[in-house]
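Kindly produce the complete structure, drawing on both the sequences and the hints.
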Amino acid sequence: MLQDRLVAHRGYQRKYPENTLLAYREAIAAGARAIETDVLLSADRQPVLYHDATLTRVSGRRGRIDQLTLAQLLTLPAHEPKRFGTAFADNRITALTALVELLADHPGVTAYIEIKHEALAFAGIEQCYRIIADCLAPVASQCVLISFAFDVIAHASAQGWQRNGLVLERWSDHRSNAVAAIAPEVMFCNHRKVPARADLNQIVPEVVLYEIDCPATAIHWFRRGADRVETFDIGGMIQALARHAL
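Position one of the sequence shown corresponds to residue 54 (my numbering), numbered consecutively onward.
No wet-lab data here; the hints were simulated from the structure. Mixed in with the good hints, there may be bad ones.
Derived BS3-like pairs: lysine-lysine, alpha-carbon spacing no greater than 30 Å straight-line [as the list claims (entries may be wrong)]:
#, residue 1, residue 2
1, Lys68, Lys246
2, Lys135, Lys246
3, Lys135, Lys68
Simulated restraints on C-beta separations [as the list claims (entries may be wrong)]:
#, residue 1, residue 2, range
4, Phe137, Gly116, 14 to 24 Å
5, Met54, Cys267, 17 to 27 Å
6, His273, Thr122, 39 to 49 Å
7, Arg117, Asn230, 33 to 43 Å
All figures in this text were calculated on a predicted structure; none of them were measured in a lab. Beta carbons are placed, not taken as given, at the ideal position from N, Cα and C, and that holds for glycine.
The structure is reproduced here in structure tokens:
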């Protein structure tokens, strides 16, 4: 079914604060079979679910994620005040360990775990990988490590992590020697960067295209060979695509 080929981008981001346990619970409750999250490191090098290096947009605070300890971060809101006002003021920043527990309760859900450049710059490739891999170990079979930084995914593969993916800056990168050397399970790309004549059916790794919140656009890309579509509106897209077939 087409709805099973959707990825919940930062959880059910359309209706809930992104990259929070609430957003992932609601995405799974809406029927998501795959989710995506961003991971940064706290000052004491603990993994948290957060996209921005700074706290302003999601938490309405000054400072950076890597300037506060995990204990400090877990007391801060993750409520996106500009989008939601005070509706989710009691919602808190989520540690990666909490997502691991959620995945353990839902073994049929795949999680794409994006390692952010800022985490790599803060802790280095080797330590950053080890911290995240150790945290994910209980649900490793459900987790695909992804990143724009090809070097950390190459390192993960060399260290024996079984499920790896890349996020492409340019569509043409899929033909690069670097991608061939890693042989990723999946490649993510902005759908606007895919050439009009590109035949996605000829691409060996799975192709996930983002950011798509329109059912007609999703169907267009499925027909062109996309394996999955990533969306902020997981609930709305699941409902819409349940009425469609290729």
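Status of the hints after comparison with the structure:
1. For the given pair, Lys68 sits about 27 Å from Lys246 by alpha-carbon distance, which is consistent with the 30 Å threshold.
2. Restraint check for Lys135 and Lys246: satisfied, since their Cα atoms lie roughly 29 Å apart, inside the 30 Å limit.
3. For a cut-off of 30 Å, the pair hint linking Lys135 to Lys68 stands: about 13 Å separates their Cα positions.
4. Between Phe137 and Gly116 the C-beta distance comes to about 21 Å, which sits within the given range of 14 to 24 Å.
5. Restraint check, Met54 to Cys267: a C-beta distance of roughly 18 Å satisfies the suggested window 17 to 27 Å.
6. At roughly 46 Å, the beta-carbon separation of His273 and Thr122 lies within the given 39 to 49 Å, and the hint holds.
7. As the Cβ distance of Arg117 to Asn230 is approximately 35 Å, the hint placing it in 33 to 43 Å holds.
Hint check: no violations occur; every hint is consistent with the structure.
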